[in-house]
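When we follow this note's numbering, the leftmost residue of the sequence shown carries the number 1, and every step to the right adds one.
Hints were generated in silico from the structure; no laboratory data involved. You may find that some hints are simply not true.
[Unchecked claim] Using 20 Å as the maximum straight-line C-alpha spacing, the simulated EDC-like pairs for lysine to aspartate or glutamate come out as follows:
#  : residue 1 : residue 2
1  : LYS201    : ASP226
2  : LYS252    : GLU450
3  : LYS645    : GLU669
4  : LYS252    : ASP695
5  : LYS454    : GLU320
6  : LYS118    : GLU407
7  : LYS352    : ASP379
8  : LYS352    : ASP612
9  : LYS400    : GLU383
10 : LYS171    : ASP159
11 : LYS239    : ASP325
12 : LYS171    : ASP103
13 : LYS239    : ASP303
14 : LYS352    : ASP342
15 : LYS645    : GLU672
16 : LYS645    : ASP612
17 : LYS108    : GLU169
18 : LYS108    : GLU213
19 : LYS171    : GLU320
20 : LYS454    : ASP695
21 : LYS108    : ASP226
22 : LYS524    : GLU567
23 : LYS559    : GLU755
24 : LYS524    : GLU320
25 : LYS475    : ASP344
26 : LYS524    : ASP325
27 : LYS475    : GLU383
[Said to hold, decoys possible] With beta-carbon atoms standing in for the labels, derived distance ranges:
#  : residue 1 : residue 2 : range
28 : ASP619    : ASP765    : 21 to 31 Å
29 : GLY440    : GLU308    : 48 to 58 Å
30 : LYS524    : GLU320    : 18 to 28 Å
31 : LYS381    : THR202    : 17 to 27 Å
32 : ALA189    : LYS211    : 51 to 61 Å
33 : GLU154    : GLU595    : 50 to 60 Å
34 : ASP765    : LYS211    : 39 to 49 Å
Ideal Cβ positions, reconstructed from N, Cα and C, are used throughout, including at glycine.
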Amino acid sequence: MLKYLEPLIETATARVKFEKITRRGFLGTSGAFALAAYAVPARAFDTYAVGGTDMPHGIVDDPLIFVSIDADGTVTLVAHRSEMGTGSRTSIPMVMADEMEADWSRVKIVQAPGDEPKYGNQDTDGSRSMRHHIQMARKIGGAVRTMLARAAAEEWGADPADVTVEMHEVKGPAGQTMGFGDLAAAAMAQPVPPHEEIAYKTEDQFRYIGKGEVQITDLHDITTGDAVYGADVTLPGMKFAVIARPPVLGGKAASYDATQALAVSGVESVHEIPYISAPPLFAPLGGIAVVASNTWAALQGRDMLEIEWEAGPHGEYNSESYMADLIAQSENPGTIARDQGDIDAAFASAAKTFSGTYTQDHMAHIPMEPPAAIASYADGKLEIWAPVQSPYTTRTDTAKALGLEPEQVTVHVTLLGGGFGRKSKADFVTEAALLSKELGAPVRVQWTREDDVKHSFYHTTSAERIDVALDDASKVTGWRHRSVAPSILSTFAPDEGNMLPIELAMGMTDLPFDLPNIRCEHGKALAHTRIGWFRAVSNIPHAWAVGSCVGELAQELGKDQREMWLELIGAPRTLDPTAAGLPDNFWNYGEPMAEFPIETGRLANVLNMAADGIGYGEDLPEGEGIGLAVHRSFVSYVACAARVKVADGRITVPEMHMAIDCGFAANPERIESQIQGAAVMGMTVALHSGITFEDGAVLQSNYYDYDVVRSDNYPTVVTHIVPHPFSVHATGVGEPGVPPVSPAIANGLFAATGERRRHLPMGVDA
Numbered sequence: 001m002l003k004y005l006e007p008l009i010e011t012a013t014a015r016v017k018f019e020k021i022t023r024r025g026f027l028g029t030s031g032a033f034a035l036a037a038y039a040v041p042a043r044a045f046d047t048y049a050v051g052g053t054d055m056p057h058g059i060v061d062d063p064l065i066f067v068s069i070d071a072d073g074t075v076t077l078v079a080h081r082s083e084m085g086t087g088s089r090t091s092i093p094m095v096m097a098d099e100m101e102a103d104w105s106r107v108k109i110v111q112a113p114g115d116e117p118k119y120g121n122q123d124t125d126g127s128r129s130m131r132h133h134i135q136m137a138r139k140i141g142g143a144v145r146t147m148l149a150r151a152a153a154e155e156w157g158a159d160p161a162d163v164t165v166e167m168h169e170v171k172g173p174a175g176q177t178m179g180f181g182d183l184a185a186a187a188m189a190q191p192v193p194p195h196e197e198i199a200y201k202t203e204d205q206f207r208y209i210g211k212g213e214v215q216i217t218d219l220h221d222i223t224t225g226d227a228v229y230g231a232d233v234t235l236p237g238m239k240f241a242v243i244a245r246p247p248v249l250g251g252k253a254a255s256y257d258a259t260q261a262l263a264v265s266g267v268e269s270v271h272e273i274p275y276i277s278a279p280p281l282f283a284p285l286g287g288i289a290v291v292a293s294n295t296w297a298a299l300q301g302r303d304m305l306e307i308e309w310e311a312g313p314h315g316e317y318n319s320e321s322y323m324a325d326l327i328a329q330s331e332n333p334g335t336i337a338r339d340q341g342d343i344d345a346a347f348a349s350a351a352k353t354f355s356g357t358y359t360q361d362h363m364a365h366i367p368m369e370p371p372a373a374i375a376s377y378a379d380g381k382l383e384i385w386a387p388v389q390s391p392y393t394t395r396t397d398t399a400k401a402l403g404l405e406p407e408q409v410t411v412h413v414t415l416l417g418g419g420f421g422r423k424s425k426a427d428f429v430t431e432a433a434l435l436s437k438e439l440g441a442p443v444r445v446q447w448t449r450e451d452d453v454k455h456s457f458y459h460t461t462s463a464e465r466i467d468v469a470l471d472d473a474s475k476v477t478g479w480r481h482r483s484v485a486p487s488i489l490s491t492f493a494p495d496e497g498n499m500l501p502i503e504l505a506m507g508m509t510d511l512p513f514d515l516p517n518i519r520c521e522h523g524k525a526l527a528h529t530r531i532g533w534f535r536a537v538s539n540i541p542h543a544w545a546v547g548s549c550v551g552e553l554a555q556e557l558g559k560d561q562r563e564m565w566l567e568l569i570g571a572p573r574t575l576d577p578t579a580a581g582l583p584d585n586f587w588n589y590g591e592p593m594a595e596f597p598i599e600t601g602r603l604a605n606v607l608n609m610a611a612d613g614i615g616y617g618e619d620l621p622e623g624e625g626i627g628l629a630v631h632r633s634f635v636s637y638v639a640c641a642a643r644v645k646v647a648d649g650r651i652t653v654p655e656m657h658m659a660i661d662c663g664f665a666a667n668p669e670r671i672e673s674q675i676q677g678a679a680v681m682g683m684t685v686a687l688h689s690g691i692t693f694e695d696g697a698v699l700q701s702n703y704y705d706y707d708v709v710r711s712d713n714y715p716t717v718v719t720h721i722v723p724h725p726f727s728v729h730a731t732g733v734g735e736p737g738v739p740p741v742s743p744a745i746a747n748g749l750f751a752a753t754g755e756r757r758r759h760l761p762m763g764v765d766a
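All chains should be built: construct the whole structure from the sequences, respecting the hints.
Next comes the structure, spelled out in structure tokens:
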């Protein structure tokens with residue numbers, strides 16, 4: 001996501017430079033070879049483009065960087081994306097293995113350190129790992145298979161065209177066979193073939209791709225407790241630190257007394273960390289760090305600190321009054337972001353109008369693993385172990401904080417116990433780096449759950465007002481959507497209160513409805529806390545508003561929900577950006593509109609698939625109802641059909657059907673898993689998630705007052721994946737499942753009880 005913002009803002013993160021390095025490099029004398037790096041052309045394939053070619057980052061596809069084969073035949077593949085349950089660490093290597101005809105049981109995966117000049121973009125965000133790297137992975141695997149075949153052909157004096165590679169074995173025309181390990185050194189001596197010289201597999205030859213049979217590679221270690229997360233790393237002489245951070249953004253300690261903290265057994269020292277300035281970027285908030293011989297002592301010591309906090313410029317931030325201001329702004333004209341037709345004439349001639357205002361609180365990511373980082377500074381070099389989504393940004397940010405060059409910093413990426421966008425920001429890593437340099441020893445900085453809830457980069461709060469004009473036949477003739485929300489831009493640049501085109505294009509300016517008059521506007525809202533991307537980002541408030549409004553329109557006009565949705569979506573068509581009044585700076589998730597258009601037929605299809613799957617229209621017991629919602633995000637289409645049940649005054653969701661059209665489904669097992677997770681996270685957003693402020697400080701602190709969906713309200717989630725051939729672009733999966741869940745639940749609640757709720761979180765009490 002950071003790379004998406006670079007063309008629009010100047011950040012503190014250095015731009016990545018991709019440089020050529022030598023492709024030869026033997027891995028010692030063990031008979032292994034490393035299959036190293038050149039910048040990939042803008043498009044790896046003509047028939048199936050990489051996607052995202054207009055984005056300011058490179059894709060490296062040299063097999064010498066990503067593949068090595070040992071003398072015993074073990075194939076080692078490098079995973080350059082972070083693993084937090086999305087399956088990136090499995091799926092991209094799986095594609096390499098399939099194309100090179102490696103036996104998956106003989107494949108070992110290793111995690112790349114943070115080094116974008118070598119590996120290409122490493123930001124695991126934006127639901128783009130597979131859509132941007134599936135072809136890169138195929139080229140790597142296909143190149144290795146070609147090199148193995150050519151090496152064997154030279155050994156046998158055969159024509160390479162007569163040599164085949166199948167399931168970890170190379171076969172010659174006269175029945176000769178050699179294993180991958182036998183050919184390791186000879187294959188390395190082969191030139192890396194260009195794309196045109198690789199005979200890629202056809203879809204019917206895929207062994208793993210699209211089959212859904214390859215389990216996430218870390219599954220065994222995760223389920224048995226052997227997986228290594230950030231806090232699992234231990235170094236000799238390591239010290240443990242926790243930090244008392246200012247409760248208000250931009251605040252600082254006016255004074256502090258560490259006497260009692262230093263008296264706690266195990267506490268060794270107390271240090272003041274420099275305070276944040278505006279804009280906050282990904283820098284630490286600052287505060288008072290307590291360093292001890294163990295985490296418990298550090299926590300006890302922190303509790304004993306006596307600190308007088310100075311609130312700073314945001315000490316008067318209160319959620320209730322701030323929301324009232326957002327709502328008031330949404331009732332007045334704002335800056336026009338999309339203008340199609342004549343919206344003023346539509347309302348002037350309307351037989352009837354309808355209006356709804358839909359709001360949401362800030363949200364925190366609260367992954368199961370709170371942030372933790374280990375840093376070791378010695379001899380002018382820094383080594384880091386941390387669960388980060390953006391390893392190279394971590395490298396450059398910590399280097400800058402310590403006055404180092406990026407080449408002096410090594411970032412080891414551990415598994416992430418959830419991320420959702422929070423761990424794209426390396427503030428917690430920089431804290432550890434600063435302390436390690438000051439102490440001259442390895443340091444682990446551990447955040448608690450309370451730290452994570454009270455000091456996060458929060459999802460934006462917002463007010464969304466939608467006004468609808470109707471003619472005398474109850475047809476919608478005009479749609480006006482006004483959004484007022486603090487922007488993520490405030491994290492990177494001086495805050496003027498304006499939203500970015502990126503944020504507006506997430507479910508607002510890209511509205512796919514077949515209507516003659518559409519206008520999208522946005523108002524100004526200054527940020528008073530750190531705003532960061534959260535799974536699905538601004539799609540959440542926009543889908544919440546649009547989906548809820550569609551449900552209300554159906555109610556208002558006496559129409560069926562599905563009928564209302566399909567009427568607004570209209571006949572299958574490809575949205576014409578010019579005719580639809582899309583702005584010149586319209587953002588399509590970094591993808592070219594010509595290759596990733598907005599197709600309403602795909603939107604309607606997933607809606608029908610989810611509705612049919614759950615049995616929409618069938619009779620339900622009293623107190624139950626089904627809600628529908630559909631949304632396009634990250635160039636994928638997702639629908640949610642939620643069965644909502646109210647019993648004993650409590651809202652539950654016993655069943656949910658999710659339908660996703662993400663183009664070619666490269667790894668159906670991970671797609672299903674991601675959609676299940678999105679359904680539950682969407683329920684948490686709908687019923688529980690709400691961060692509120694009083695006097696600038698967060699009121700919530702842990703799961704008891706910032707709750708999540710628990711096992712007693714966990715739905716049966718059925719995932720429907722629209723099948724596509726490989727020729728259809730693979731698109732986003734990790735995030736698109738979240739946005740339609742909240743409006744579907746709201747619509748289901750209304751169907752069950754007749755009660756309409758317009759604020760997130762809605763709460764669980766009926």
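Hint-by-hint comparison with the structure:
The suggested pairing of LYS201 with ASP226 is violated, with an alpha-carbon distance near 36 Å, which exceeds 20 Å. The straight-line distance between the Cα atoms of LYS252 and GLU450 is roughly 19 Å, inside the 20 Å bound, and the hint therefore holds. Annotation: proposed proximity of LYS645 to GLU669 is violated, straight-line Cα distance about 29 Å (limit 20 Å). Between LYS252 and ASP695 the CA atoms are separated by roughly 15 Å; this keeps the pair inside 20 Å, and the hint holds.
Proximity of LYS454 to GLU320 is assessed by CA-CA distance (about 18 Å); at most 20 Å being required, the pair is judged to hold. Distance restraint check for LYS118 and GLU407: the Cα-Cα separation of roughly 12 Å lies within the 20 Å cut-off, and the hinted pair is therefore satisfied. Taking the CA atoms of LYS352 and ASP379, the gap is about 73 Å. The hint is violated against a cut of 20 Å. Of the supplied pair hints, the one linking LYS352 and ASP612 is violated, its CA atoms being roughly 32 Å apart against a limit of 20 Å.
Proposed proximity of LYS400 and GLU383 is supported: the alpha carbons are some 14 Å apart, at most 20 Å. Of the supplied pair hints, the one linking LYS171 and ASP159 holds, its CA atoms being roughly 12 Å apart against a limit of 20 Å. Straight-line distance between C-alpha atoms of LYS239 and ASP325 comes to about 46 Å, which puts the hinted pair past the 20 Å bound. Note on LYS171 and ASP103: the hinted pairing holds, with a Cα-Cα distance of about 15 Å set against a maximum of 20 Å.
Of the supplied pair hints, the one linking LYS239 and ASP303 holds, its CA atoms being roughly 18 Å apart against a limit of 20 Å. Among the hinted pairs, LYS352 with ASP342 is consistent with the structure: their alpha-carbon atoms are about 17 Å apart, no more than 20 Å. Annotation: proposed proximity of LYS645 to GLU672 is violated, straight-line Cα distance about 24 Å (limit 20 Å). For the given pair, LYS645 sits about 19 Å from ASP612 by alpha-carbon distance, which is consistent with the 20 Å threshold.
Between LYS108 and GLU169, the direct Cα distance comes to roughly 17 Å. Compliance with the 20 Å bound is thereby established for this hinted pair. Taken as a hint, the LYS108 and GLU213 pair is honoured in the structure, with Cα atoms around 17 Å apart against an allowance of 20 Å. At most 20 Å may separate the alpha-carbon atoms for a hinted pair to count; LYS171 and GLU320 exceed this at roughly 72 Å. Proximity of LYS454 to ASP695 is assessed by CA-CA distance (about 13 Å); at most 20 Å being required, the pair is judged to hold.
Only pairs whose Cα atoms come within 20 Å are accepted, and LYS108 paired with ASP226 is accepted, the gap being roughly 16 Å. Proximity of LYS524 to GLU567 is assessed by CA-CA distance (about 33 Å); at most 20 Å being required, the pair is judged violated. The straight-line distance between the Cα atoms of LYS559 and GLU755 is roughly 17 Å, inside the 20 Å bound, and the hint therefore holds. As the CA atoms of LYS524 and GLU320 are separated by approximately 17 Å, the hinted pair is consistent with the 20 Å bound.
Taking the CA atoms of LYS475 and ASP344, the gap is about 17 Å. The hint holds against a cut of 20 Å. For a cut-off of 20 Å, the pair hint linking LYS524 to ASP325 stands: about 10 Å separates their Cα positions. Proximity of LYS475 to GLU383 is assessed by CA-CA distance (about 63 Å); at most 20 Å being required, the pair is judged violated. Range check, ASP619 to ASP765: Cβ separation about 26 Å, and the 21 to 31 Å hint holds.
Range check, GLY440 to GLU308: about 30 Å between beta-carbon atoms, so the 48 to 58 Å window is missed. For LYS524 paired with GLU320, a C-beta distance near 19 Å keeps the hint of 18 to 28 Å intact. At roughly 48 Å, the beta carbons of LYS381 and THR202 sit outside the given window of 17 to 27 Å. At about 33 Å, the beta-carbon gap between ALA189 and LYS211 misses the expected band of 51 to 61 Å.
For the hinted restraint 50 to 60 Å between GLU154 and GLU595, the CB-CB distance of approximately 40 Å leaves it violated. For ASP765 paired with LYS211, a C-beta distance near 44 Å keeps the hint of 39 to 49 Å intact.
Hints 1, 3, 7, 8, 11, 15, 19, 22, 27, 29, 31, 32, 33 from the earlier list are contradicted by this structure; the remaining hints agree with it.
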